[in-house]
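Trainee: Read off the chains here:
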Amino acid sequence: KAGVTQTPRYLIKTRGQQVTLSCSPISGHRSVSWYQQTPGQGLQFLFEYFSETQRNKGNFPGRFSGRQFSNSRSEMNVSTLELGDSALYLCASASRTANTEAFFGQGTRLTVV
Amino acid sequence: EDKVVQSPLSLVVHEGDTVTLNCSYEVTNFRSLLWYKQEKKAPTFLFMLTSSGIEKKSGRLSSILDKKELFSILNITATQTGDSAVYLCAGLNYGGATNKLIFGTGTLLAVQP
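The listed protein sequences correspond, in order, to chains A and B.
Every letter in the first sequence is one number past the one before it in our numbering, and letter 28, counting from 1, is 28.
Every letter in the second sequence is one number past the one before it in our numbering, and letter 5, counting from 1, is 5.
If we strip away everything but chain A, and leave its shape as in the complex, we get (with noise of 0.2 Å):
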């Protein structure tokens, strides 16, 4: 089956705009967690959905926000960006809420210049 998809791949955003990214997670899965990737911090969590509910949420500004669909496919927006957003947005899929291993998408590469 398919794994996780992450669209889009690349992006290149100006000071000041905002995103939006995109995570189909595996079919029949319900929780999608966010995590940025940074060579200085490595992975940190965003934040996680279940049923379209946001259950936890990282130590990052209220710049980040998320949403989940009823399918499950999650986006997260980053407004007013800031040259160090740019890192690499992975999301993880898991088939249930707790002790399941966590499977991640390609990734997003996000730079803001």
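Everything labelled a hint here was simulated from the structure, so no lab data went into it.
Hints are supplied without guarantee of correctness; some may be wrong.
[As the list claims (entries may be wrong)] Quick list of in silico lysine-lysine cross-link-like pairs, DSS-like style, CA-CA up to 27 Å:
| id | chain 1 | residue 1 | chain 2 | residue 2 |
| --- | --- | --- | --- | --- |
| 1 | B | K3 | B | K68 |
| 2 | A | K13 | B | K41 |
| 3 | B | K40 | A | K13 |
| 4 | B | K57 | B | K40 |
| 5 | B | K3 | A | K57 |
| 6 | B | K57 | B | K3 |
| 7 | B | K56 | B | K3 |
| 8 | B | K37 | A | K57 |
| 9 | B | K67 | B | K37 |
| 10 | B | K57 | B | K37 |
| 11 | B | K3 | B | K37 |
| 12 | A | K57 | B | K41 |
| 13 | A | K57 | A | K13 |
| 14 | B | K56 | B | K67 |
| 15 | B | K57 | B | K41 |
[Stated by the list, open to error] Chain B stretches covered by chain A per the calculated footprint, using a threshold of three residues with CB under 8 Å from any CB of chain A:
| id | segment |
| --- | --- |
| 16 | 42-53 |
| 17 | 98-108 |
Virtual Cβ for every residue (Gly too), placed ideally from N, Cα, C.
Go by the hints and put chain B onto chain A.
Mentor: Using the frame of chain A, we list chain B on its own:
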């Protein structure tokens, strides 16, 4: 604050060598320890360890968890150039409304022919 520390940060070995990668964790509501391999973009799932002292094996890779010492190791025997990657470990913080992976910064493994 939740913390996962991996060592060494990087490692260079020759094909055929055996390597041991280390991961220590301090994670609230710890449920499981996960290992991933990251080559280009998406971290690919290797192991999830929930019980202490039970070794998991997959081909030349094996891993074990020590919940008393808050420690896990990943062993790779008879290394090949295709094993070159960043190996990430993550502690699953799960409790109540929380469900998130806390990642270490990774171990960069380079296998030379």
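Trainee: Taking the numbered hints from earlier one at a time, note which ones the structure violates and give those numbers from smallest to largest.
Mentor: Violated hints: none; all satisfied.
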